[in-house]
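K.L.:
Given next are the chains, with one letter for each unit.
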Amino acid sequence: MKLKALLLTSALALAAGPALAGKAFVTNERGNTITVVDTETWEVIDEFFAGNRPRGITASPDGTKIYVCASDDNLVRVFDSETYEELPSLPSGPDPELFIIEPSGKRLYIANEDDNLVTVTDTDSRTVLAEVPVGVEPEGMGMSPDAKWVVNTSETTNMAHFISTEDYEIKHNVLVDQRPRYAQYTADGTRLFVTSEIGGTVSVMDIAEDGTPTLVEKISFEVPNVQPEWLQPVGAKVTSDGKRLFVALGPSNRVAVVDAQSLEVLDYILVGQRVWQLDFTPDEKYLLTTNGNSNDITVIDVAKEEAVRSIQVGDQPWGVVTIE
Amino acid sequence: MLNRFATLFAAALLCAATLIFTAGFAAAIDVRSAVLRVDYQVQRPISRFDEAPEDLGFAGAALADQDNNSTGSFMGHTYETVRKSAAPDAADAALDEILADGIRLIVIHAREEDVLRLADRAAEEGALVFNARAGDMAMRNEECRANLLHTATSYAQQADAIAQFAIWKKWPRWVLISGSNPDDIALADAYRRAATKFGANIVEERVFEDTGGARRTDSGHVLVQRQLPTFMQNLPEHDVVITADETDYFAAYLTYHLWDPRPVMGSAGLRPVQMHGGHEAYGATQLQTRFEDLAGRYIKDADYNVWIALRAVGEAVTRAETADPDGVKDYLLSDQFELAGFKGQEVTFRDWNGQMRQQVMLYDNRVTVSVSPQEGFLHQNAVQDTLGLDRPESACTAFSN
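Chains as they are written, first to last, in this note's numbering: chain A, 1 to 324; chain B, 1 to 401.
You may find that some hints are simply not true.
Taking CB as the label site, the calculated pair distances span [what the hints assert, rightly or not]:
| hint | chain 1 | residue 1 | chain 2 | residue 2 | range |
| --- | --- | --- | --- | --- | --- |
| 1 | A | R30 | B | T211 | 42 to 52 Å |
| 2 | B | V369 | A | E85 | 37 to 47 Å |
| 3 | A | D146 | B | E124 | 54 to 64 Å |
| 4 | A | D62 | B | A27 | 50 to 60 Å |
| 5 | B | A27 | A | R30 | 25 to 35 Å |
No lab work stands behind these hints: they were computed from the structure. In this text, a Cβ means the ideal position worked out from N, Cα and C, and glycines have one as well.
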């Protein structure tokens, strides 16, 4: 295992010429811009207008397009990831906040926070394929690796809704703690993590072969000298080997490192203020955090599990996506 | 909106059916509750922006029913809240009707003496009562009742919220101007207590006598502009003017009619509120739009207090699978209970007197200026307990804790 990891690292090191340098795109919720960061040099290379109140951000699977939930424009804005030129927008339904793109890149599943809906949008034809009624204040969106299930969390109903991508019907509902914000499957699809901001927990579900969830545990957090009320789980990412879960803990200014198998909390990494969302660089060497109240992103070295630098971005950063 | 909700409901019912089969949830619970609002003969408010709407508090109940039914529809639970208003002398009969209807979960929007009397009557029938209006201290302290919880903030919570902000600003020298009616005097007491608690110094106090009279006059502001500054003359050095005017007859005029230019807080200027229609942080935009879709107006404290009381009931039903008043109360007072109140932190109940712990918004009539507790005010158990009566000072014995 170790050898394989070593080989992989050196292969990456060889391949990583300047032309292949990755980029991180950070939405600045208040600044209405996207900051582009070079993930090799960690320099800010550009900042461009992203629409009004940009929050959720993702990339097409081939990395050529950047999709942004422009919440106050009630649409998904699309940008060329090379030129930053704006491409035709996608219909999103009202107040899009977070979304998830399927591995084929064809369908985008968008949470409409103000309308109790999940909107399914075709990225080619730019049409709405379906509107799925869910609980009150839909927010987090996760997708099973086989793309058969979309999980939506509703913040006031306090549930994770499991929507089949075949017929857009809800097949399962699981009650979780207060204000569920984010849903993240493991790469092998056997587990799902749902963060609850006000509940202060991460609900862990085992996923059966047919997609049926079973709530098995709730992870809670504790940091000496930090008021427990400030430990508010928001964004979450799990490494593709399924070993580590990273959880952004909002106003406690920390990212929790969790053993994704034993579910033990191993460490807390101090990052910028009011940490919202997370994304790995494609090689999973680094984890980036958006820090809404310090206007920066923190770079975490995933192997060392420590923060290595912070980079000033725009006004009130919220979401982040990286591409190769 | 209604259509959409109906669709959601239908879809949800379908899902709930599946859920009951797959997850084996307990049997359906039909939760019936009531809001009883006592309407008093009062003077008009100073500003017509503060006129009480006819559905005051009731609109909060409607939203709570809608929110509770969303989770409920997935769980097989239904919620219905009866809404009644009554003049003070008809309040007891109205409560009896509610009790005769079999309802044992009741939110009361009334003054302290009425809440206490009605809560005692409700206790005879085993009902649980939520106080959604009165801020008085006695009912949370030596006069507390075992079947009475409070979602309305106490005067002490309100005053402490203001005091923490003033101290954070390093404005410790206060002038306290209070009204002459009993509620104003009670509120002024809370500010004196807050000053002592957080190290502010009340350099002078003045009472603005309520001499009655109409709230509206054709002559308008001219006399106010001449008279109020002279009332505020010759004060010692101070940083801020704190007003205690629960009656609402003078404080709103004071903001710009001072002698020395100072910020005004308390009953005017920067006010402690539970929720206001301009508040958008912590996801509250969605609360606002849902409320406005239903009520066609902005949310008021009374609506929020009723809404969160019924949401707390819903949470107990969802998590503890009970609508029995004792079961609900036990769950709400347990450390299992927490509820998202769009204030950035969970709300819970104090198990020593039934008061809801909550953040207090500091509101200037347009925006959320700040939210208390303020940064740096710490507590060994819960920061929200830096606001209001804490366990060691509680004289309430009706709760076992």
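K.L.:
Of all the hints numbered above, which does this structure not satisfy? Sort the numbers upward.
P.N.:
5
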